[in-house]
Every structure is written in C-alpha cells, then in structure tokens.
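Colleague: Each chain, letter by letter, is given below.
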Amino acid sequence: MGAEVGAEVLTPAFFGAWIEEAARSVRAERDELTRLDAAIGDADHGTNLDRGFTEAVRALGERCPATPGAVLVLVGSTLIRKVGGASGPLYGTAFREAGKALGDAPAVSAADLAAALTAGVAGVRRLGSAAEGDKTMVDALAPAAGALAEAVREGRGLDDALGAASAAAAAGAAATIPMPARKGRASYLGPRSVGHQDPGATSAALILRALHTVAARW
Amino acid sequence: MGAEVGAEVLTPAFFGAWIEEAARSVRAERDELTRLDAAIGDADHGTNLDRGFTEAVRALGERCPATPGAVLVLVGSTLIRKVGGASGPLYGTAFREAGKALGDAPAVSAADLAAALTAGVAGVRRLGSAAEGDKTMVDALAPAAGALAEAVREGRGLDDALGAASAAAAAGAAATIPMPARKGRASYLGPRSVGHQDPGATSAALILRALHTVAARW
Amino acid sequence: MKKLINGADAVVTDALRGLAAAHPGLRVDAGNRIVVRAGGPRPGKVGLVSGGGSGHEPLHAGFVGYGMLDAACPGEIFTSPVPDQVVEASTAVHGGAGVLHVVKNYTGDVLNFRMAAELCAEEGVEVASVLVDDDVAVRDSLYTAGRRGTGATVFVEKIAGALAEAGAPLAEVARVAREVNDRSRSFGVALSACTTPAAGKPTFELSEAEVELGIGIHGEPGRTRDTMRDARELTGVAIDAIHEDMPLSGDVLVMVNGMGGTPLIELYVAYAEVAGHLADRGARAARSLVGNYVTSLDMQGFSVTVCRLTDELTRLWDAPVETPALRWGR
Amino acid sequence: MKKLINGADAVVTDALRGLAAAHPGLRVDAGNRIVVRAGGPRPGKVGLVSGGGSGHEPLHAGFVGYGMLDAACPGEIFTSPVPDQVVEASTAVHGGAGVLHVVKNYTGDVLNFRMAAELCAEEGVEVASVLVDDDVAVRDSLYTAGRRGTGATVFVEKIAGALAEAGAPLAEVARVAREVNDRSRSFGVALSACTTPAAGKPTFELSEAEVELGIGIHGEPGRTRDTMRDARELTGVAIDAIHEDMPLSGDVLVMVNGMGGTPLIELYVAYAEVAGHLADRGARAARSLVGNYVTSLDMQGFSVTVCRLTDELTRLWDAPVETPALRWGR
Ligand SMILES: Nc1ncnc2c1ncn2[C@@H]1O[C@H](COP(=O)(O)OP(=O)(O)O)[C@@H](O)[C@H]1O
Ligand SMILES: Nc1ncnc2c1ncn2[C@@H]1O[C@H](COP(=O)(O)OP(=O)(O)O)[C@@H](O)[C@H]1O
Ligand SMILES: [Mg+2]
Ligand SMILES: [Mg+2]
Ligand SMILES: [Mg+2]
Ligand SMILES: [Mg+2]
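Residue numbers (full-length UniProt numbering), protein chains in the order written: chain A, 1 to 218; chain B, 1 to 218; chain C, 1 to 330; chain D, 1 to 330.
Bound conformation, chain A alone (with noise of 0.2 Å):
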C-alpha cells in the first residue's frame, strides 16, 4: 500500500475498479439519496445515479478502454447518455474532462489524477456556471480536487492523498446544510433550503470515498 506519489501505478483496472465501488455505493445509497432530493429537488438523484452508474460499470465491461483516460472519458459520456436531469450532464462533463486531461497514457501518477480531478471540476463549474457556497456539487468536488493537489504536492501517498480528499469532500458535503441554495432546483425553494444537505455534494462524496476505497486497497 501507499505507492509514491510520483509513479504512474494507476491502470485502467483501478478506474474501472473505482467506478465499480462509486457503483457499489450508490446503489447502497440510493434511498438515502433520493430522500435528501425529495427534501430540496424531486426525488430522483439515486435514481439517476445508480442508473448512470449501473451503465457505466457495463459499458467498461463491455469496452475494456485500455487506458484511464478513455475510462474516465467512456464513464462520462455514458452518465451523459443515461442519466439525465442537472447531475447526469454535469457529472458526465467532470468525468470526461478529468480523462481528456489524462490523455492516452497506459497509467497514470496520483499527480495526474489530482490535476484530472481539478480538470472535471473546472468542467462542472464551466457548465454548471455554480460557485463554491452555491449548495451543489461543487462544494463537495471543489475542496475534494484542492485536497488532493495539496496532498501531492506536499508528497503524500495515494491512500493518504485520496483520503484526504475524501475528507475533504465530506466536508464540503455536510458544510452545505447550512447554506440556502443559489443553483439547480433547490434554488427554488430560497431560505427553506436551509438545513437539507445537498444530494448532489453527498452523491459527490460518495465517489470520492469511493476513490480512497479503491486506492486503499489497490
């Protein structure tokens, strides 16, 4: 365990066992997912995510994409034809921007993966226009992609980066409870948005853990 920061040890196994794991924990967290949309959206993230991500693990299956960043880029396009609603564009757009910024290397270093990761939230901020405090995404996958630059730059391994940015995202995830949401449909309800987590920052999270998970064990 802990490989170095610096090597490209990541092969498209470890991504399509990510996506296998974020997988995983979304169907577990379906539920718990739909019911915080129910609270501020309409009641439909875990199900859209668990099916995005039910097809995304068959289309690895079916593709096996030889390098990480087509995985990244197959997983991407495919939320974008499946999911539908705000997360499926947006999170398709994170995951086929953190491939693109992986290009065609056969594996890839925890640095990589940390600037893929600052790529596909660029993407989401891009399309989404959703800044930081907004009550999204964002909140969780922003710190989450910070974490993880930090961590590397200051040398740390895999396991311990990934955690670190899966801390940071759960962070970001709980920090939007108190905020009144600013984007996508919870926006609508202003204030009474209050005090709800937001589906989309812990969907977020999850797949970040899902990240440490896969890396802890890789």
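Heads up, a few of these hints could be off.
To be verified - Straight-line C-alpha distance at most 20 Å; calculated EDC-like pairs for lysine to aspartate or glutamate:
| hint | chain 1 | residue 1 | chain 2 | residue 2 |
| --- | --- | --- | --- | --- |
| 1 | C | Lys201 | B | Glu8 |
| 2 | C | Lys2 | C | Glu205 |
| 3 | D | Lys45 | D | Asp9 |
| 4 | C | Lys2 | B | Asp31 |
| 5 | A | Lys100 | D | Glu88 |
| 6 | C | Lys201 | D | Asp230 |
| 7 | D | Lys2 | D | Asp230 |
| 8 | D | Lys45 | D | Asp226 |
| 9 | C | Lys201 | D | Asp140 |
| 10 | D | Lys2 | D | Glu88 |
| 11 | C | Lys2 | D | Glu205 |
| 12 | C | Lys201 | C | Asp9 |
| 13 | D | Lys2 | C | Glu233 |
| 14 | D | Lys201 | C | Glu208 |
| 15 | C | Lys45 | C | Glu123 |
| 16 | D | Lys201 | A | Glu8 |
| 17 | C | Lys2 | D | Asp9 |
| 18 | C | Lys201 | D | Glu118 |
| 19 | D | Lys2 | C | Glu118 |
| 20 | D | Lys45 | D | Asp140 |
| 21 | D | Lys45 | D | Asp230 |
| 22 | C | Lys2 | D | Glu172 |
| 23 | C | Lys2 | D | Glu210 |
| 24 | B | Lys100 | B | Asp31 |
| 25 | D | Lys201 | A | Glu29 |
| 26 | D | Lys2 | A | Glu29 |
| 27 | C | Lys45 | C | Glu322 |
| 28 | C | Lys45 | C | Glu126 |
| 29 | B | Lys100 | C | Glu322 |
| 30 | C | Lys45 | C | Asp9 |
| 31 | D | Lys201 | C | Glu210 |
| 32 | A | Lys100 | A | Glu8 |
| 33 | D | Lys201 | C | Glu123 |
| 34 | C | Lys201 | D | Glu210 |
| 35 | C | Lys45 | C | Glu172 |
| 36 | D | Lys2 | C | Glu205 |
| 37 | C | Lys2 | D | Asp226 |
| 38 | D | Lys201 | D | Asp29 |
| 39 | D | Lys201 | C | Asp230 |
| 40 | C | Lys2 | D | Asp230 |
Think of the hints as simulated: they come from the structure by calculation, not from any bench. Since we're looking at a predicted model, the values are computed, not measured.
Fit chains B, C and D with the ligands to the known structure of chain A by using the hints.
Modeller: Only chains B, C and D with the ligands this time, still in chain A's reference frame:
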C-alpha cells in the same frame, strides 16, 4: 293531552308543526344519516333530506295550506322538487299519497292519519317496489303504519298511538341492520351491506318520532 | 379533507359558473342547474337529455354540444337531479321530434327521470328513455337494483348523439342507444375511496395493501376487497369480469377511465395492459379513450368499458363531436 | 403509496406502450423514449421538439400531432431526457427547415437540450431553442436557477406549432414562441404533495390546515407554506402574484390546470373564481383551458397560467390542432 281517537283535532297547524319538528330532527341527525349512507350508499342521505325538509318548511311558511291534506301534498311535492336521489321521489310520494288520502277536510282524526300513513306507505311500495325485509325505508314505514292502524283500532289515545308508531319505526329501522339490501344502492354491496342500519329506514324513524313528539305536546 | 372549493354547499353551483365561463358554446343556468347547447333547439332534431348526480365530471355537462347531448341536468353531489330540471331541460331542447332521456340505472335516477317523463308527456313533449346498465360487478339482478350505469354512458351519449345530429327519428336514436348499452360492459377498481364535500371524510378506508374490486361511481365500496396488485393483474381482473359476461371478440371500442384522482400516466400504463388482455382474447381495440370521463370525485382507481362495435356504431363513434370533454372532426 | 403501475422502473416504458396503443397517429419508440408524429417529417416545415421529465402527462407526448409538436422526448419521472433522445427526435422530424427546441427552464433540461443542440449542429440540423420560464413564484433570479417553465409550455407549443404548421421559417416560429413565453405567467398551489414511484412516499407532508404556495411541477415544496383557504382566496393569491409581475389587462388566454390528483369539478370551481378575479382587474378571459395539462403525478392542487393575447396569438391559438390531449378544428 291525549285527544280522542275519533276526534278531528289534527289541524293544518299540527301537520305544519310535525314538518318543522321533522326538519329540526333531520338537521340534528344530518351527519349521522350521511355517515350511515357512506357505509352502504353514497354519503348524501343527510344532506338530501336536510335540503328537502328545509324547503318544505319554507314552502309551508309561504303558502299556508288550509287543510291537512294540502299541507302533506305540498310537503311531498316540495320533496320531489328539491331532494333528488331515491329518497326524494319516495318520500315525496309518501307525503303526497298521504295528503291525498286526507282529502280536503279542514281537520282530521288519528284514524284518518292512520289511513293516510298506510296510503303513503303503499305509494312508496308501488314506486320503489321494495318489500319489507329489503332493507329500505319501507322496513320502518310499514311497521309504523301497521302499529298506528292497530292502536287506532284499539282506541288508544293519539299520543299513545303515535308513540307506538314511532317505536315500531325505530324497531323496524334497527331490524335492517342484519339484513342484506335488495333495493337501492346498498344492494350493490350484496352481503357486505349486512351489519349496517339503512339510512332511509333511519330517517323514516326520525320522521315518525317527530310526529309523536308533536302529538305529545299537542 | 382538503378541496379546492368555497364550501360544501356551493360546489355544484360554483362549478357550473366555471363551466359557463369556460365554454361560451353552453347556456348554463347555474341556479336551476341546467346546461343546454347554445343556439336553442334545432327544429326536427331529436333532443338528447341526460343527467345525474354531480361528482362525475366531465359527465354529463362536459358532453353537451354538437353531436352529443343537447342538455344535461346535474344534481347535487352523487344525487340524481329532480324532475323539474329534467322537464325544463327537455322542453328547452325539444325541436318537435321528441326527446331521448339517457338514464343511468340507479333507483334515484330512474324514479326522477320517470316522473319527469310523465310531466313531459303532459306538456306534449314526446320522450323515450334508454337505461344504461353496463356494470358487470353487479350480479344477481333479482336481488339488487340491477346493474349500475357507468362508463357506457359516454358511448351511448356519443353514438346516439351522432345519430340524432344526422336527423334520425326518436325511435331510431333510442334503438341505437339501447344497442350501444346492450353491447357494452364495464368493471371498476378503486385504490382509494373518495371524499364527498358533505361527508368530509373518505367513504371507506383502504390500507396500502388493499383494493376494492367492482366499485361503482358513487364512492360506495365494491363487491369485494382484495389485495393490491400490479396494473397487469388489476386490469386482468376487469377484463376477465367483462369477458365472462360478454365474450369479447372482433373490433371493440374501449375506454380506460380514471376515477378522478389517478394521473394520466397511470391510465396509459393500464391501457397498455388492457390492449394486451384484449388481444389475448382475440379482440382488437379498434377505438379507444384514455382519461378521466366518468369520475367519482377524487377517488383513485380506474374502470374499463368495452363496447363490441358494429360498422354502424364505429361510423357514429367517428362522427364529429364538439363538447368540452370530447371533441373531434370540427 | 398505491399506484396503478407494474413497478417503479417500468412506469415510463409502460405508459409509452399505452400511448402507442391508444394513438395510432403517433409513432412511439418506447425503448428509446421518443414520440413522433406518424407520417415522417414534412419537407420545408419547421420541426417542433420538446421534452422533459415524465410525470407531467399529458405534457409533452400528449401534445404531439398536427398543429403542435412534431416530437416529444420523455425522460424518467421528473428527470430531463438525455441528449441522445433529443438528437434522435430532432433528426427524425427535420424536414430541412430546422428544428425548434421548446425547453422548460430547469438546469437539467437546459443542459441536456444544450448538449443535444450542439450534437444536432454537428449533424447539420439547424436548431433554435426557446426557453419557457413563466413561473412567477421563483423570484430573485440572481440567486436561483431562474424561473421555472410550467403551464406556459402548453401555450408555447400550441401557438408555435400552429405557426410552424402554416409553413413559417424557423426564426419566425422561434420569435412567436418567445413572445408567448414573454407574455405568459404562472403560479401554482399544492393541497397535497405527490409521490414518485421511486421514492414511494410523498415528497412533503401537509396537514389538513396547510397549503404550499408557489409550487413547481416536480413535487418540490413551494416558496411558502400557508393556511388552507377557499377556492376564491387561493385563486386570488395566484392571480395577485401574476398581476404583480405582469399587470393584467385586455384579452387573455387563461389555463386553470390540475396537478393530477384534483378532480375536474374543483378545477371548474377554481375557474369561476379566476374569471372573476381577472374581470376585477380589467382583463377578459377570451380563451381558456380547464383541466389537467401539466401535472405533477398525483399531486392535488392547481396552477393558473395567463397569457396576454395579441390578434396574432389569438389566431394561432384558434388554428386547428389534433393531438391526444388538445384537439379542435379537425
Ligand atoms: N448548476 C449546477 N452546478 C452544479 N451542480 C448542480 C447544478 N444544478 C444542480 N446541481 C447538482 O445536481 C444535483 C441534483 O441532481 P439530480 O437530482 O440528479 O438532477 P435534477 O435536479 O435535474 O433532478 C443537486 O443536488 C446539485 O448538487
Ligand atoms: N326501491 C326502494 N324502495 C324504497 N326505499 C328505497 C328504495 N331504494 C332506496 N330506498 C331508500 O332510499 C335510501 C337512500 O336515500 P338517498 O341516499 O337519499 O338516495 P340515493 O340512494 O339516491 O343516494 C335508502 O337508505 C333506502 O331506505
Ligand atoms: Mg433531482
Ligand atoms: Mg344516498
Ligand atoms: Mg345519492
Ligand atoms: Mg430531476
């Protein structure tokens, strides 16, 4: 109290007082009648009769018919014109036939009243073709008419005779509880109508009780 | 009970005011509760009059217009109209060729329309009546008031209305109306009871696991309470009941009708199953209606009505109609 | 939750099968979730494509047909469609004159339609988009995703559809679509929440004494919770909110729309009040729709949509239309 059975003491005012008392009683029991109708019918018997008797009282106030017969015919016509449903034509016919039986005498005796009630019940039977035991208003009206006729034959006083009629109607209404309905809406329920008191029999008992109440203080 | 009303006593009058405001093609007397086609009676055309308790909207007032009813007499909620209404409506639409009363088979409707018909005769208006009694859930008509009139009412009114519009005489219009009724059967299922404004609470209680099978359209419980099942099975129960009473084959007109509280998406789910069940029995849904046509206030549930078509009935069904709730061809 | 379905995952596909069986004038691809007018694209006619989450029936698929939409793309329940659906629908209806996307203003709909429009452009299909955002309950659009698209969608689709049917070019059809949206406002009130099949329980709880004011069409709570009132007052709240945003005068087209679980009799009660409130403000309900057109599954409640008419809009509204849910003139 206790006028002679043969005496023609029952004036238009007596019949007007009866209808007013019946209206009061129906108003007081409106929700209960509707509740009974909800169980085996369509939840409108209380409002139907309340509407009808309110209109009947108003019509009597406006027109002040000069004979008992005219009072009852006006009441019956008003019920037909205002109630609708099954009970409108049936009660309307009962009062109209009873009124016609009273002819144009300015005052009538308990014996006349007994004959009129019998005529009214016959009208209901003819129109609705329900027999006793079918779980309808006939199950309260027929015993009441029978008891009144009997009491009159026995020469009992008005109060006493109408007390017997009222008691017979109440017993008849209660006896509908174990019956399966064979007429009206409740018949659609088949055996499921068993265990509920028929709303029309219940209202018939109320109307007979009102008659006794008025007679008791006449 | 939460309802979008101004008070239990005002519902019918208020709804009629709304109907009048929304449909300039109708002449609505909200006080006397009569809805008539604007333009007055057409000389020589048979007039079609129907009516019944309110709470079944769009039935009947929503079917007043070209090619269907000439007048409707809405009673109080679930209460048949009084004879006066029917007489007034009949004389209003009488164009000299007589009037057909379309009467759903309920004791109240039958008695009030019968009294009205007698009064009409006294006033010189020739009246024929057709009794609609399509609900196969009511059996043993020796021991009941007979089958209820439910969904087939729409078919009878549309098809007889088309024939009347074409100028057929009263006897012919009555004949085809009876034929439609004879060839039609219905069966209804409730997922929840309805709440009348006057009662203020549901007419019965169903748990999450229960349905009422064989319901009518007045919030009364059905023949039996059974376990909740999926759309395929529930529609199967309905089609079985109909098929057992009237073997299905050939081209049929079928309506999947919502009871008022069931959204359209579910009615389409049900229709997909109904079409399949019909095909399994060798019948073909040649014509169809999916939607809320004969409702029971806010009840959740559905009914299925099937009419075995003839060429004549199909032609009359397809003829133009222009009413608030049914419109095509113009 | 009791629903007339075969399982939460099957609802949309099953309903599309039912739609296909009931409406031979539609070509339905239940698997890919595309509903297209039968007969293929008409050369030279602008294609009209809309779509959005399911659960709002008859919107949008019920408005596919002559004089209205050429195609609809239903997503999952309350979930906007994916770009592939929109691209496939757009290419299917493209008759060489371009395609108009009618998009309700929700982040998901906007993003998916935007991606689809880019893909269409790559495939050589010219696309214009009109965003419907009529819901005045959403204020402060700096701090929100902007106004929601609700009832005005029906007006936009009908009126732009009529112009497209008449052979107008894409820019003209887009112009009139935007004009309808600009002249339209909506406000909705919930008496009860809806239950999505996936969630299985109501999205919020309301007591007997409460209503939600300013709701959208996705089961989300409104801007504020308030005390239940009668139809006159509740419609007054809606008209006030609309009037405050867009002063009402002259001839208007008005829709009193049910949210899916409210029976027609109550919608007519509400319409009577709405017509009165409009008259009080000097506006006249020159055209109207009363019924369930843009629903939210089984939610009880209503919305009011008002469009300030021009002669052109009135003429296009009156033009013939032949779809499952809106039909006149043919
Ligand atoms: N403009 C946006 N930028 C970033 N994230 C957004 C934006 N709008 C919505 N989201 C995210 O999407 C989540 C909702 O996703 P989902 O429920 O699947 O879609 P929908 O809102 O269309 O039903 C929200 O919780 C939020 O995190
Ligand atoms: N054929 C009949 N003969 C006598 N009484 C009848 C008959 N049908 C119904 N009734 C009586 O009418 C009562 C119902 O009256 P009501 O609820 O006012 O009318 P509806 O059944 O039309 O809603 C029943 O409880 C029953 O007593
Ligand atoms: Mg959502
Ligand atoms: Mg009753
Ligand atoms: Mg009744
Ligand atoms: Mg959604």
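Colleague: Please verify whether Lys2(C) and Asp31(B) have alpha carbons no more than 20 Å apart.
Modeller: 18 Å, holds
Colleague: Starting from Lys2(C), check that the Cα of Asp9(D) is at most 20 Å away, please.
Modeller: 31 Å, violated
Colleague: Tell me if the straight-line CA distance from Lys201(D) to Asp230(C) falls inside 20 Å.
Modeller: 18 Å, holds
Colleague: Can you confirm whether the C-alpha distance between Lys45(C) and Glu126(C) stays at or below 20 Å?
Modeller: 13 Å, holds
Colleague: Under the criterion that the straight-line Cα-Cα distance not exceed 20 Å, is the pair Lys201(D), Glu29(A) satisfied?
Modeller: With Cα atoms ~17 Å apart, Lys201(D) and Glu29(A) stay inside 20 Å; holds.
Colleague: Given the hinted pair Lys45(C) and Asp9(C), is their alpha-carbon gap at most 20 Å?
Modeller: 36 Å, violated
Colleague: Assess, step by step, whether the Cα of Lys45(D) is no farther than 20 Å from the Cα of Asp9(D), and give holds or violated.
Modeller: The hint is violated at about 36 Å.
Colleague: Holds or violated: Lys100(B) with Asp31(B), Cα cutoff 20 Å?
Modeller: 32 Å, violated
Colleague: If you draw a straight line from the CA of Lys2(C) to the CA of Glu210(D), is it 20 Å or shorter?
Modeller: 9 Å, holds
Colleague: Are the Cα positions of Lys100(A) and Glu88(D) separated by 20 Å at most?
Modeller: 26 Å, violated
Colleague: Next pair to validate is Lys2(D) with Asp230(D); report whether the Cα-Cα distance is within 20 Å.
Modeller: Violated. Lys2(D) to Asp230(D) sits at ~28 Å, over the 20 Å cutoff.
Colleague: Tell me if the straight-line CA distance from Lys2(C) to Glu205(C) falls inside 20 Å.
Modeller: Roughly 17 Å between the alpha carbons, so the hint for Lys2(C) and Glu205(C) holds.
In summary, the numbered hints that this structure violates are 1, 3, 5, 7, 8, 9, 10, 16, 17, 18, 19, 20, 21, 22, 24, 26, 29, 30, 33, 38.
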